[in-house]
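Generate coordinates for the entire structure from the input sequences, incorporating the hints supplied.
Chains A and B, in that order, give the protein sequences.
First residue of the first sequence? That's 1 in the working numbering, and the numbers climb one at a time after it.
First residue of the second sequence? That's 1 in the working numbering, and the numbers climb one at a time after it.
Worth flagging that the hints you see were computed from the coordinates, not collected in a lab.
Treat the hints loosely; a few may be bogus.
Claimed, not checked - Straight line, CA to CA, 30 Å or less: simulated DSS-like cross-link-like pairs of lysine-lysine:
1. B:Lys39 - A:Lys279
2. A:Lys401 - A:Lys456
3. B:Lys363 - A:Lys112
4. A:Lys95 - B:Lys363
5. A:Lys85 - A:Lys34
6. A:Lys279 - A:Lys146
7. A:Lys371 - A:Lys384
8. A:Lys401 - A:Lys323
9. A:Lys384 - A:Lys401
As the list claims (entries may be wrong) - So these bits of chain B aren't anywhere near chain A, every CB distance computed over 12 Å:
10. Ser4
11. Ala21
12. Ala32
13. Leu83
14. Arg96
15. Asp241
16. Glu273
17. Asp284
18. Arg289
For each residue, glycine too, the CB sits at the ideal point set by N, CA and C.
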Amino acid sequence: MSVQPQRNTKLIEGATGSWEIVIGMEVHAQVSSKSKLFSGASTEFGAEPNSQVSLVDAAMPGMLPVINRYCVEQAVKTGLGLKAKINLHSVFDRKNYFYPDLPAGYQISQYKQPVVGEGEIHIDLANGENVLVGIERLHLEQDAGKSLHDQHPDQTYIDLNRAGVALMEIVSRPDMRSSEEAAAFLRKMRAILRYLGTCDGNMEAGSMRADVNVSVRRPGAELGTRCEIKNVNSMRFVVQAVEYEARRQIDILEAGGSIRQETRLFDSKNGETRPMRSKEEAHDYRYFPDPDLLPLTFDQAWVDELAQHLPELPDDKKLRFMKAGLSAYDAAVLVSEKEAADYFETMVAEGAEAKAAANWLNNEYFGRLNKAGLTISSGPISAKAASLTVSLVASNVISGKIAKELTDIIWREGGDPREIVDRLGLRQVSDTAAIESAVDAVLAANPEKVEEVRAKPKAAAWFVGQVLKATQGKANPQVVNAILRRRLNLPEEG
Amino acid sequence: MARSSDPTRFTIAEAREALAAKDISARELAQAHVDAVVKARPLNAFITETPDHALSRAAQSDARIAAGEARPLEGIPLAIKDLFCTQGVRTTAASRILDNFIPTYESAVSQNLWDAGAVMVGKTNLDEFAMGSSNETSYFGPVTNPWRARGRNDDLVPGGSSGGSATAVAANLALGATGTDTGGSIRQPAAVTGIVGLKPTYGRCSRWGIVAFASSLDQAGPMTRTVRDAAIMLKAMASHDPRDTTSVNVPVPDYEKALEGGIAGLKVGIPKEYRIDGAPPEIDELWNRGVEWLRTQGAEIIDVSLPHTKYALPAYYIVAPAEASSNLARYDGVRYGHRASGVDDLIGLYERTRAEGFGREVKRRIMIGTYVLSAGYYDAYYLRAQRVRTLIAQDFAQSFQRCDVLLTPATPSPAFAVGAKTDDPVSMYLNDVFTVTVNLAGLPAISVPSGLSHDGLPLGLQIIGKAFDEATVLRAGRAIETAADFRSAPQAWWRPA
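Shown next as structure tokens:
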């Protein structure tokens, strides 16, 4: 099954006409697992160099790999999350090449028979468009160690802590047509992995990284020659790398040149891609089935069992949120980060109305977090306090204006919103007699304004503002409005 | 048969008896072997002698025997092929690239032997990384066969790759030895030194801690002076090991008990493809004698065909080097072993280290292996060889529907002279013609000394069995042994006068 999305292409203009960008991606996602793919050594990030290296990881003579079944389970779960075909029989191969951080001289990977076959991912774009990107395969492989070039003026040090850590390589079809789609794909992939708990998606720590394949062509033409851009490790860099690379290729083609198939490295400092090696210099990896390992086999019943216990995924959650009254946009924003969706769901569970909770998050809280450089997990307001705040507005205990003030207070000091409202006397006044006297006082103080409003009823809003000011914002604005209209003999709104 | 007065001439079974009866102490037994090892240095059977290990463990064995807590191999002096990693004892694979390597771990098989009470007299010489059939590719020099042709003083090869282990057992330097067999490396040297060599089913013994040559073919096994000793040793060596995914979880029977009962009614297949042109007539004569021995003891002889036999050797010399080329990539001078000095770039470090560290035969096989796995050649060589392997396994499976074991010669010739085949790799590879099929199919097989060539050199017959049916292989081997009544032993010409 080849997934070819039918949609408006996002052409970009060159000097000689328009071009289409074609993007495919290989995502390397570190499997969330306490131990490595073929050894019992720990995978903890940031440990002392070479403190998490078993005899197998160091490729000592006579050492043999033993598959970590938990990592297989994580890969299969990921395959299920990508709606992909799970292969009950797959094979580990050796990919042979020499490098000091590759102790055995080969990487154990899966070449011809990966554990997961074809699947798909839906991505949401800002304009509301939904794009289907095909997944070609997912396979398990070992990570290499790290070469440290900065420890000694003329020697290289090797840290094997990462050597043997389990990675999932997930390969997409060349179904993306813009840098925005590429970034959205990576973001969606990350969300799915994090929902499943199969990869922590931490791009700074290197537990998720992407190689991006970029080519350009005239609309409707055959695929152009692609370049592979290595190690693009943030959404922002994906956008930069694709845009730089597409423009570079278009410039070459428009100047009458041709594209060399090559591997390029993204330089995040300058936002450029630089050549790493050409096709001619490509390694011959001499893949062959690893004779130390039996084929990886499991039965359908085990896969079914995993499928049954799969957590809810972003697309399903989004649909559920929409059924609860959220717009597609609000729902998409909330589900894009699992923690945000969880926060939202806790707010609703604590009694907040869904739409109001989503509005408070999208219009109020996310902005504050962004400005403070915080995330939903590190932000100061608990979901419970947020829920209470939203509910206080909904039940007319406080006004929207007071709600902002209340949010300021719990952001700074925390505390129970109900207690704060009581202690500071923020409760909205809906007592008609009290508001009537405040309205009368304002009208009496501004006779010329009264004349003005009688002539031009729309100016009544000025009086509402004055009354709210006089009551320190505690008067219910709807009640104020109704009384004013009665006193001034204005028609009811509506 | 009465026990010899020289404890180095004991079988393992006799030594067990003598130790239990306290006719000899483990320490005395160990000392006798330690002395024999020193006197046999001209044979170059050992890369590393471990007298301290032998004597101190023997003292512990004596304490256990005294306490009535003797284990199955208590106090038995063994030699260990220097391909098995031994904790704290240098392990070289007979290669310069590992000439300074001291493992921090013990191979599963040697650990099993120590857990059964055995003691180690030393680490035996072998062809470098077990690549060879004459023990001439060792960085530590060739091993000399204790046997000499009648009336001659020429040095002969002990076979390979387990040539040091074979020599240690044949020359009474150890009561038994471990070997590894990738294409015949236990059975061929056993045959040409007049001892018993058993290659178990692939997966019967753990490969954990054995320096890998060709992972899908390598299998450890015992080398002993009698079939009974092979049974005793295999029982101790075999185990299921979760650290080796290819080790198989099947019960390990009491092989010694399985020797009893005779072979009446046993169906013995004779594969016609093992009669090859150019082999000396005495090989066929011996084979015919073997057939008669088994028939006389009540076996039913059946002619069978293994039609793909002729493709086995070429297939083997593709699969084994392919795996070796990858297995030996780890010897790069970066983490352990030999590292070339005075090189200041990475590629130079790899090239110089490996050029200095590996010998000619190892380099030849790495190059063959690299070639057959290369893009564009993989299908024509490696993939096709794997198909041949499947066909060979099917040949055996079909034969084993009609018979219980197969009888074949073990080698196409007796021991040859040192240097005779070193310039002709293909004629060297032909030594494995009767043994490689078994490795390709993963089956168990034993080589049993069965007679002498016209010039007085030992020859062996091979019994091949069904997967995990070592018990029947041993019983049939015992029948050959009984009938052959092979009592010849080499003269101890190497001992100082």
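Right, here's what the structure says about each hint:
1. B:Lys39 - A:Lys279: violated (61 Å)
2. A:Lys401 - A:Lys456: Within the cut-off at roughly 26 Å; holds.
3. B:Lys363 - A:Lys112: The hint holds at about 29 Å.
4. A:Lys95 - B:Lys363: Holds. A:Lys95 to B:Lys363 sits at ~20 Å (cutoff 30 Å).
5. A:Lys85 - A:Lys34: holds (26 Å)
6. A:Lys279 - A:Lys146: With Cα atoms ~25 Å apart, A:Lys279 and A:Lys146 stay inside 30 Å; holds.
7. A:Lys371 - A:Lys384: Holds. A:Lys371 to A:Lys384 sits at ~22 Å (cutoff 30 Å).
8. A:Lys401 - A:Lys323: holds (29 Å)
9. A:Lys384 - A:Lys401: Satisfied, since the Cα-Cα distance of roughly 20 Å is no more than 30 Å.
10. Ser4: holds (36 Å)
11. Ala21: holds (38 Å)
12. Ala32: holds (31 Å)
13. Leu83: violated (8 Å)
14. Arg96: B:Arg96 is indeed farther than 12 Å from all Cβ atoms of chain A, at 14 Å.
15. Asp241: violated (9 Å)
16. Glu273: The assertion about B:Glu273 holds, with a minimum of 26 Å to chain A.
17. Asp284: Consistent with the label, B:Asp284 stays out of reach of chain A, its closest Cβ about 35 Å off (over 12 Å).
18. Arg289: holds (38 Å)
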